[in-house]
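There are 2 protein chains.
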Amino acid sequence: MFESAEVGHSIPDREYKRELPKLRAELLNTQYALLKDRKFPVIIIIGGVDGAGKGETVNILNEWMDPRHIHTHAFGEMTDEERERPRMWRYWRALPPKGRIGILFGAWHTDPIVNRVMGKTNDAELEPAMQEIVRFERMLVDEGALILKFWFHLSRKAQKKRLQAIEADPKTRWRVTETDWERFRVYDKFRKISEAALRTTSTGHAPWNVIEGSDPNYRYLTVGRAILAALKHRLAGDRPAMTRSAPLPEPALDGRTMLSGLDYGKTLGRKTYRSELEKYQGRLNLLTRHKKFRDKSLIAVFEGADAAGKGGSIRRVTGALDARHYQVTPVASPSDDERAQPYLWRFWRNLPRRGRVTIFDRSWYGRVLVERVEKFCSEEDWMRAYHEINDFEAQLAQAGGIVTKFWVTITKDEQLKRFREREKTPFKSFKITAEDWRNRKKWNDYELAVSDMIERTSNECAPWVLIPANDKYFARIEILKTLCERIEGAM
Amino acid sequence: MFESAEVGHSIPDREYKRELPKLRAELLNTQYALLKDRKFPVIIIIGGVDGAGKGETVNILNEWMDPRHIHTHAFGEMTDEERERPRMWRYWRALPPKGRIGILFGAWHTDPIVNRVMGKTNDAELEPAMQEIVRFERMLVDEGALILKFWFHLSRKAQKKRLQAIEADPKTRWRVTETDWERFRVYDKFRKISEAALRTTSTGHAPWNVIEGSDPNYRYLTVGRAILAALKHRLAGDRPAMTRSAPLPEPALDGRTMLSGLDYGKTLGRKTYRSELEKYQGRLNLLTRHKKFRDKSLIAVFEGADAAGKGGSIRRVTGALDARHYQVTPVASPSDDERAQPYLWRFWRNLPRRGRVTIFDRSWYGRVLVERVEKFCSEEDWMRAYHEINDFEAQLAQAGGIVTKFWVTITKDEQLKRFREREKTPFKSFKITAEDWRNRKKWNDYELAVSDMIERTSNECAPWVLIPANDKYFARIEILKTLCERIEGAM
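Those protein sequence lines, which keep their order, are chains R and D. In this text, residue positions in the first sequence follow my numbering: the first is 23, and each later residue adds one. In this text, residue positions in the second sequence follow my numbering: the first is 23, and each later residue adds one.
Here chain R stands alone, though its shape is the one from the complex (with noise of 0.2 Å):
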């Protein structure tokens, strides 16, 4: 969930106030039509880290906008009137009317979330708190309130330089207390239990923006954008379809993703190759023959880049199972039957029992890959979807399925090279077909689809692991290894 926040995304000075004039002109603009319109309110909901910028975008947003029709509201400790009222209370007093635009700074979020890290109650007490917040912000957006959800990360390394740079600097150091510290104390703890809290509020009709908080220019571009594009879609339509109000992801501003930022460039030589893949396929093979396997099992998905390699990767998975074991699920376009199902339905039929594996050659993902791009399903339906998977991943999870999702990627370069080399190869020219040319014309609207992808659905008890391919040894043993560590760690 935060690791599309942890690319190291920055806008130079020099972009960053040519495209501002333009970007205050139009949010400006775009808030009178809202004051005009008054058929929904907005809420901007403001959380995340300490230091990562959230009071400074607050305060921004409050420069670049007309204030006058900003109700910017931040929630500290309860007051004697909140405490002796139910928890929502004071979010309801906050909430903006029709028309108006409301900045909540630490909402209704933040007290579940920072009571959790500080021990002051438990995952079972954390769990209802969400659900309350997800009916809530349902109830919102069926009375029409577009939500916008912004969390600000810093990655560990970066929210300690930032704390002391801030600190060092005379001007600013009182704006770092000792509460700022002892937070710091509890990153990790604090990262874990915000993303699992995020993933499960990240719904279709409210999803949270993670917003990468290093670089001022990148978020505050980002956030004023996203709040213009989201204001203005709704606005175009005159009374949308509810779930129509969630603000679609865009493209990061400075064309950096996460794929970008991946070395392409490691490789293993043949000898080392061969002796990694026997110490790892034995390794692979001993875990899931141990005793502890059979209260769990694995579950892998492949995903990729066509001619990225994923089906040589997997018969290396393979080969180091016992075939009673193991079942590949290769995924195509759905069946008759299979369409008259809900599109999950295909891929709870083929769930190992325990003590088995099921590797999914495609899977579930086709729903916000290629039915986003190819149009083959709504706006709602996939971005509902984020959150339904993470809530089926969750469910497997819970059951004792050890859920690991490689992205197998190549360079556009690279797999222009083996296209043609199949095409050249008689015995391989069955691989390439005029849809793999097609795909490949659509380089860049996957390559956002698969951004999204990550940033919504990767998470702790399902993650995303980035593989980069151009090198297949490196690759084939990248994934072995990941294997026998994702089993090691829940055994």
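Incorrect hints may have been included.
Just so you know, same-sequence chains aren't split out, so a pair can sit in one copy or run between any two.
What the hints assert, rightly or not - Derived lysine to any residue pairs resembling SDA-like cross-links, with alpha carbons at most 25 Å apart: (1) LYS214 / TRP367; (2) LYS254 / GLN363; (3) LYS214 / GLU200; (4) LYS193 / HIS312; (5) LYS214 / PRO150; (6) LYS254 / ARG361; (7) LYS313 / PRO108; (8) LYS301 / ARG346; (9) LYS214 / PRO352; (10) LYS301 / GLU189; (11) LYS314 / PRO108; (12) LYS503 / GLY166.
No lab work stands behind these hints, which were simulated from the structure alone.
Given the coordinates of chain R, work out where chain D should sit on it, guided by the hints.
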């Protein structure tokens, strides 16, 4: 929630025989239309207490319609296969495809409820299971399914009678097992837990229909007609809005309601009234000043027919209270400010703090009464409101609120008498307007709306108390007494 299924509904044989042929023909035709259309699957869920005719209803539905196109599944103990997968796996396997009807006998709600009743799980485990179900059904509806949920209910007495009757007949004796009697012994627990479960999972898009199970004619016709109406409603729209798939509530076939079953003849002499009034006002006063009440609050809702005497009753309540501790909130049409917010907003604003009392003279129930009858909001809006209101009241109860809701009711004749009296009496004539007469014309629409409201929102933590108020003295004392008992019960 179950009160509406304890009014003694029944249909005479002659009427049943007259209605049946038409219903069967229509059901069969509609089933074929569904099959031809192949646009959506129909999921019929059958749950409820033992002996309430669940099995017989499943059989008769298969008899009435073409069983080749009905998938009937009964879920008992989990198989090995099922135990080794996520809990929902076996239900996914049983989902009907588009165009078909699936009858699920003891579906996903059953296990969590039964496990809780049997003490195998606790409340903290029940709640997440229910939320999982809400998400699952939401997903099914978003994927196009029509979900019809029937809960067959019997009062404690009726269940005992029925089990004994089955047991007495040598031909049917085999059907009553020791398990049935075991479950009967925990009737009260089962009732309480299933009520909470139904409240959580009765949503706007997949509401529960509670069916009184004692009379076979009534239960078969009611279920059959509900299925027919929902299918026709859905088949009529080409690609209807998602939440439209919910079946609208229908009036009871025998015309009986909880209101019609009330005893309006109860009266209280003036002298008794005086002494009772003094007694209960004194008791209420002491209770609200009690030390333990400082952690509680009282939220009393007054709804009722025009001229039923809400105002007079409220004055007898406030007469018992310290003016610094209570507030009466009269609810009229929303102001512009209120209209710019979600409909519950104005009620949240007026919640009492701990140790205080708020009396709502009319309330949030306007959403499912006047707004429904006068079509001020859409079907989807009031259909989802039951769930939202239950959620709201559960939050109040959670925070120490003692929520008590009075439906103050009079007969239609009595209303006419009072209207005329008001017109004649100069100092009362301000109380009667053209609108009152207009509302009176919609008596039947309101009666249906009131029945649905009570069925869907009365529950242990926020019960509806029906007050027959043809005799004002009787009504006032009943109200005061109820408030005292509710507070005593909570402290």
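Hint by hint, here is what the structure shows:
1. Taking the closest pair of Cα atoms, LYS214 and TRP367 never come within 25 Å of each other, the shortest separation being 30 Å inside a single copy and 34 Å across copies.
2. Within a single copy, LYS254 and GLN363 get their C-alpha atoms only as close as 35 Å, which misses the 25 Å cut-off; across copies the closest is 21 Å, which meets it.
3. For the identical chains of this complex, LYS214 and GLU200 are intra-copy neighbours only, at 22 Å inside a copy versus 49 Å across copies, given an alpha-carbon limit of 25 Å.
4. Within a single copy, LYS193 and HIS312 get their C-alpha atoms no closer than 59 Å, and across copies no closer than 54 Å, so neither meets the 25 Å cut-off.
5. Taking the shortest alpha-carbon separations for LYS214 and PRO150, both the intra-copy value of 17 Å and the inter-copy value of 20 Å come in at or below 25 Å.
6. For the homomeric pair LYS254 and ARG361, the shortest alpha-carbon distance between copies (23 Å) is at most 25 Å, but the shortest distance inside one copy (34 Å) is not.
7. In this assembly of identical chains, LYS313 and PRO108 lie within 25 Å of each other by CA distance solely across copies; the values are 20 Å between and 48 Å within a copy.
8. In this homomeric assembly, LYS301 and ARG346 come within 25 Å of each other (Cα to Cα) only inside a single copy, at 22 Å, whereas the closest approach across copies is 78 Å.
9. With identical chains, the CA atoms of LYS214 and PRO352 are never at most 25 Å apart, being 33 Å at best within one copy and 47 Å at best between copies.
10. Proximity of LYS301 and GLU189 under a CA criterion of 25 Å is satisfied in neither setting, with 49 Å inside one chain copy and 67 Å between copies.
11. Taking the closest pair of Cα atoms, LYS314 and PRO108 come within 25 Å of each other only across two copies (18 Å); inside a single copy the shortest separation is 45 Å, beyond that limit.
12. In this assembly of identical chains, LYS503 and GLY166 lie within 25 Å of each other by CA distance neither inside one copy nor across copies; the values are 48 Å within and 41 Å between.
Hint compliance for this structure: hints 1, 4, 9, 10, 12 are broken, all remaining hints hold.
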